[in-house]
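Chemist: On the provided structure of chain H, position chains Z, S and Y as indicated by the hints.
Protein chains: 4
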Amino acid sequence: MQLGMIGLGRMGANLVRRLLRGGHQCTVFDRSAKAVDELVKETAVGAASLRELVERLTKPRAVWLMVPVGAVDQTIAELLPYLEHGDIVIDGGNSYYIDDIRRAGELTPRGIRYVDVGTSGGVWGLERGYCMMIGGDAGTVRYLDPIFATLAPGHGDIPHTPGRDEAVGKDGKTSEQGYLHCGPSGAGHFVKMVHNGIEYGVMAAYAEGFAVLKGANAGKKSGVVDAETTPLRDPEHFQYDLDLTEIAEVWRRGSVIASWLLDLSATALIRDPALSTFAGRVSDSGEGRWTIKAAIDEGVPVHVLSSALYERFSSRGEADFADKLLSAMRYEFGGHLEKQA
Amino acid sequence: MQLGMIGLGRMGANLVRRLLRGGHQCTVFDRSAKAVDELVKETAVGAASLRELVERLTKPRAVWLMVPVGAVDQTIAELLPYLEHGDIVIDGGNSYYIDDIRRAGELTPRGIRYVDVGTSGGVWGLERGYCMMIGGDAGTVRYLDPIFATLAPGHGDIPHTPGRDEAVGKDGKTSEQGYLHCGPSGAGHFVKMVHNGIEYGVMAAYAEGFAVLKGANAGKKSGVVDAETTPLRDPEHFQYDLDLTEIAEVWRRGSVIASWLLDLSATALIRDPALSTFAGRVSDSGEGRWTIKAAIDEGVPVHVLSSALYERFSSRGEADFADKLLSAMRYEFGGHLEKQA
Amino acid sequence: MQLGMIGLGRMGANLVRRLLRGGHQCTVFDRSAKAVDELVKETAVGAASLRELVERLTKPRAVWLMVPVGAVDQTIAELLPYLEHGDIVIDGGNSYYIDDIRRAGELTPRGIRYVDVGTSGGVWGLERGYCMMIGGDAGTVRYLDPIFATLAPGHGDIPHTPGRDEAVGKDGKTSEQGYLHCGPSGAGHFVKMVHNGIEYGVMAAYAEGFAVLKGANAGKKSGVVDAETTPLRDPEHFQYDLDLTEIAEVWRRGSVIASWLLDLSATALIRDPALSTFAGRVSDSGEGRWTIKAAIDEGVPVHVLSSALYERFSSRGEADFADKLLSAMRYEFGGHLEKQA
Amino acid sequence: MQLGMIGLGRMGANLVRRLLRGGHQCTVFDRSAKAVDELVKETAVGAASLRELVERLTKPRAVWLMVPVGAVDQTIAELLPYLEHGDIVIDGGNSYYIDDIRRAGELTPRGIRYVDVGTSGGVWGLERGYCMMIGGDAGTVRYLDPIFATLAPGHGDIPHTPGRDEAVGKDGKTSEQGYLHCGPSGAGHFVKMVHNGIEYGVMAAYAEGFAVLKGANAGKKSGVVDAETTPLRDPEHFQYDLDLTEIAEVWRRGSVIASWLLDLSATALIRDPALSTFAGRVSDSGEGRWTIKAAIDEGVPVHVLSSALYERFSSRGEADFADKLLSAMRYEFGGHLEKQA
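Chains as they are written, first to last, in full-length UniProt numbering: chain H, 1 to 341; chain Z, 1 to 341; chain S, 1 to 341; chain Y, 1 to 341.
For reference, chain H alone in the conformation it holds in the complex:
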């Protein structure tokens, strides 16, 4: 079917490519004419403006926004004059689900249908397909099914979940194809938000674990002996120089913690076992933060997900003032001076 795509960054462009390969017709727009030109070469229809993009689509039009979170509202506002009753706006970015609820509330009275799509897959999506979590009106989501079915990874060779057929029947559920209508407006981004919250937690679990492995040679370091340092009690228990690269690899094969994130860790460690190209300043996007806020509103304890988020804050120096106050208190009650680095 036909789809308009606004925003041709890495994600947007690859979504278009996957749709084109799947036989869909894509009309594309980006502030960068070069980005448009590149996809036109790959058989997309180019548009020089939002207006032109809309005009080149047949009604009811489906327009997919793949723009930065902060630009979604403005893009919709600019788009709105050209849209008509029955047209569909899809936000495929990383919007806060609360904005989806608001936007749907604003667009519905005008007859514009709003669909929110949380999209996971990163730079691998073009090849592997995108896992999509979708929110909005059921009829509209069903109408867009050919788009989602093409973008999704499909069943592929990922094993069937045991007992699934008996429970849900052999058809009618798209989750096995890698996309899911999760509920009304915002539900898609809500589920994607939690997905990312979990992602932070899982990543942190591996990161901490590998750090413990790396520290397994702690007993080899000649310990500083002073009043400010706790000596290692049993240095003979920490004499291992473990090969993290090989351990990541072996865990991929038959262990309980095999996962795609572990696969990626194995790749990263193969490339540079010391990870020396990284400084360890870890960014966080909104989803991790929003997950915690949602959990707090729900009254659900999320020790692990919060810790994973805070670790990212700390990695960027955001714990420094708190740490200084700890040192200051230690100085006040014990006369402890900070050790030099």
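Read the hints as simulated data drawn from the structure, not as lab findings. Wrong hints could be hidden among the right ones.
Identical chains share a label here; the pair holds if one copy fits it or two copies do between them.
Cut-off 20 angstroms, straight-line C-alpha distance, at most; resulting in silico cross-link-like pairs (SDA-like, lysine to any residue) [to be verified]: (1) Lys-221 - Phe-238; (2) Lys-293 - Asp-99; (3) Lys-293 - Tyr-96; (4) Lys-173 - Asp-241; (5) Lys-41 - Leu-57; (6) Lys-59 - Val-45; (7) Lys-293 - His-237; (8) Lys-220 - Glu-236; (9) Lys-339 - Ser-276; (10) Lys-339 - Thr-230; (11) Lys-221 - Pro-231; (12) Lys-221 - Asp-241; (13) Lys-339 - Gly-317; (14) Lys-221 - Ala-274; (15) Lys-173 - Pro-184; (16) Lys-220 - Gly-317; (17) Lys-59 - Tyr-82; (18) Lys-173 - Ile-270; (19) Lys-221 - Lys-339; (20) Lys-293 - Ser-283; (21) Lys-293 - Ile-98; (22) Lys-173 - Ser-285; (23) Lys-293 - Lys-339; (24) Lys-173 - Arg-142; (25) Lys-41 - Arg-10; (26) Lys-339 - Asp-320; (27) Lys-34 - Val-45.
Modeler: This is chains Z, S and Y only, laid out in the frame that chain H set:
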């Protein structure tokens, strides 16, 4: 080759089965004659005592212990009179790596070789193969290679890690087959210990995330309005009845958090979406605890792994006294009475 | 000076009492005529309605609201028709500071001055005085100084902070009297919010510590030996029956962790060393939650404050679903059955 | 009475001074003759060797060790030849309680009595008195009572805990004087260990809270707008420049979180509100670590105490490798490059 197996519980019996299928000769012993008989039917050689087991093996003998952690030392002590210089004792259970270091120190002067093997794979190992992390003398581990190669899953259809051949060469590394000599005595169980520590963290990340999804309908509950309860500020943001079973399924397909533990969660949710057969009293084994202790000795922060462990403690009521003290303090400073359940 | 008080619950009534004792004139209103009558007996002026309360005050009127968080906006709305340019509304409850910002924004154009006061002191405030954190226009706060000075504890016998005179001068700072103008609207409740966030963290630190003391006899319990339970490795290290009541008392005297919350713990433990009158279901108010949300917005890591909040959630059973999922995963990969309680 | 003191560092010297002021006779030894001389000027009896120290005491001798943790065993070994049946060795340092249990086990058969004393009070102890937690044989502890009574702060003006007299009677409990016989060998250091674990947690709660206060002006910073940074959603809610020094002061007076550690924070902030003399590299001593290990052995969840410890690890860069792995994973799945500092 030939292997003696002591301990024919679920794990031990399945190890024997996989070895028999792989063409090895297994002599087996268990306190339960019935367990021995069952494997004898499957072509294993039965032994009625530890002595008989040893006598039925040719030198140098390789004896694999698959007994409860608390029984390893005693079993070795009972076995020792029958063993000779050059024989090999393999501990395939969940020993604390510190015990491995001690045992190797005790056995080496007698010429007995000690190998520690951390084994992951659970009830699925017979079919999928076991991921093994091995500690001990390099020559001994190499000698046992046929055993490990058979028990391991092998390369199978798990994708090759990009860049691996260039980095490590096409041969000589067993990690791609699913087993790895990690280092000297204790290294196998050290790596397995951290594996389980990570496992707790990853599991907790999913568990917390699914709990947040489940709470997405918090706005539908008619809130109690009293001084002891915080009202939900924006109930309209928590009106989703999410289908956790379908979400687990869709995440398995192309999402960043796809993993084997997620596969298992999908299976569990298919079977019983409310998980009502579980009370939520989560056991923990030693490895999770030892991981934290090792991290503390190394001075490595492990917020996530610790939280995951403590959540298990709490699930069994171990936070109750602390909680009572919180309520008691609230009563003292504010006259707050506990709300009834 | 003159003050109108709306809301004569425990806190409101005691504020009035302390003001009356300090020589101020209080006009009071509550939905319960009985609550009004009681204070009238103690020389307050009673009012039968909000209108009457306003009419009985001389201009510019100062009206202090001490009503539940959820009732503040409505009370202001009902009050508004009777207020005039220059009048002052004080919210002394536990409002979210974001509501203060909004309210000030709504009232200022009408010439009504809005002051937010975070009040700490609980049931002890009548006797000890109230620690107050104040937000609003500096002139208005200064105008109300006689009220704050009376409600506050004053300098009393709490030691002077060393170096303070040199740094801030001997006068002009009210913080030493126990009240502080923290900044513009919302600043009072922001500081009170963080105060409560810290309170949760400090309480949890004590609660966890006392639980570790209580567990010091863990080695005396005959351990269950099964595959689902980690045996205590060195039971001889956990043979202490510690007297928590006496320990709380001794820590009050010269230790680094002496505090008012410890004093209260000592009182609670004297009354009932086993705390058996409490079930351990710990309520949380909004401030703890809002503190975490503010920290997340600021990008400040708050591991401890979050953990303290989540522990309260867990104490009320809010981790149950996550725990069930953990048990479900363990069943799937290892066939582990939950232990019975 | 008479006491020998070995180790005249800050703590040891001040203990001697407080004892001398209390009318006790102190014989002192230190490797530094200068340290001995200084106390001799203050009427202590000097000793040039351990042997001399022992010889100058009358039997049964009481020798207090105030040496670094790592030097205790050696000092006892050197002392042992000169000690006789009935003599008492007191370890007043920060020993691991497990070492106390071992030492008592070694000394008891020789008739030497061993007492472990956890001492809190830091540089303030000389003036305020020391809070002491004592382990060992009841008779020996009673024999040393004059020493403990002098070192302790005594009742002073710290309020009596309500209900205490009815519960424990007016006499016979030393906890109100600031010292306590907690139980058999190791109990003193066990309680002191947990004291320090709590100390870490309480300190972290304040540190995090003050950091949130400091971040209250986050909305004033011109936000970077890029895909790697989450924009602050409501900058108008974070426009406060809070005066942390004044806030620390006001909380000291009547608030729920008043404490000695808050007093010290107020002092530190008066001295340097930006705490710019500190780098934020926070040391940790053994007690914090041992508390977590004890909690894990007991199966008691200690989210807050652990987080507080790990924050100290992180402050010294110990999370760096884990953070690098997080960045590496983000690069692998999303092509995310780290932001520059």
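Chemist: So, for every hint listed, does it hold in this structure?
Modeler: So, going through the hints one by one against the coordinates:
| no. | hint | in the structure |
| --- | --- | --- |
| 1 | Lys-221 - Phe-238 | within (10 angstroms within a copy, 32 angstroms between copies) |
| 2 | Lys-293 - Asp-99 | both (15 angstroms within a copy, 18 angstroms between copies) |
| 3 | Lys-293 - Tyr-96 | both (11 angstroms within a copy, 15 angstroms between copies) |
| 4 | Lys-173 - Asp-241 | between (49 angstroms within a copy, 17 angstroms between copies) |
| 5 | Lys-41 - Leu-57 | within (19 angstroms within a copy, 71 angstroms between copies) |
| 6 | Lys-59 - Val-45 | within (16 angstroms within a copy, 71 angstroms between copies) |
| 7 | Lys-293 - His-237 | between (41 angstroms within a copy, 12 angstroms between copies) |
| 8 | Lys-220 - Glu-236 | within (8 angstroms within a copy, 30 angstroms between copies) |
| 9 | Lys-339 - Ser-276 | between (25 angstroms within a copy, 15 angstroms between copies) |
| 10 | Lys-339 - Thr-230 | within (13 angstroms within a copy, 34 angstroms between copies) |
| 11 | Lys-221 - Pro-231 | within (11 angstroms within a copy, 32 angstroms between copies) |
| 12 | Lys-221 - Asp-241 | within (12 angstroms within a copy, 39 angstroms between copies) |
| 13 | Lys-339 - Gly-317 | both (18 angstroms within a copy, 13 angstroms between copies) |
| 14 | Lys-221 - Ala-274 | within (18 angstroms within a copy, 35 angstroms between copies) |
| 15 | Lys-173 - Pro-184 | within (17 angstroms within a copy, 51 angstroms between copies) |
| 16 | Lys-220 - Gly-317 | between (29 angstroms within a copy, 19 angstroms between copies) |
| 17 | Lys-59 - Tyr-82 | within (12 angstroms within a copy, 57 angstroms between copies) |
| 18 | Lys-173 - Ile-270 | between (39 angstroms within a copy, 13 angstroms between copies) |
| 19 | Lys-221 - Lys-339 | within (18 angstroms within a copy, 32 angstroms between copies) |
| 20 | Lys-293 - Ser-283 | both (18 angstroms within a copy, 18 angstroms between copies) |
| 21 | Lys-293 - Ile-98 | both (12 angstroms within a copy, 16 angstroms between copies) |
| 22 | Lys-173 - Ser-285 | neither (30 angstroms within a copy, 38 angstroms between copies) |
| 23 | Lys-293 - Lys-339 | neither (37 angstroms within a copy, 24 angstroms between copies) |
| 24 | Lys-173 - Arg-142 | within (12 angstroms within a copy, 49 angstroms between copies) |
| 25 | Lys-41 - Arg-10 | within (16 angstroms within a copy, 60 angstroms between copies) |
| 26 | Lys-339 - Asp-320 | both (15 angstroms within a copy, 18 angstroms between copies) |
| 27 | Lys-34 - Val-45 | within (13 angstroms within a copy, 73 angstroms between copies) |
When each numbered hint is compared with the structure, violations occur for hints 22, 23.
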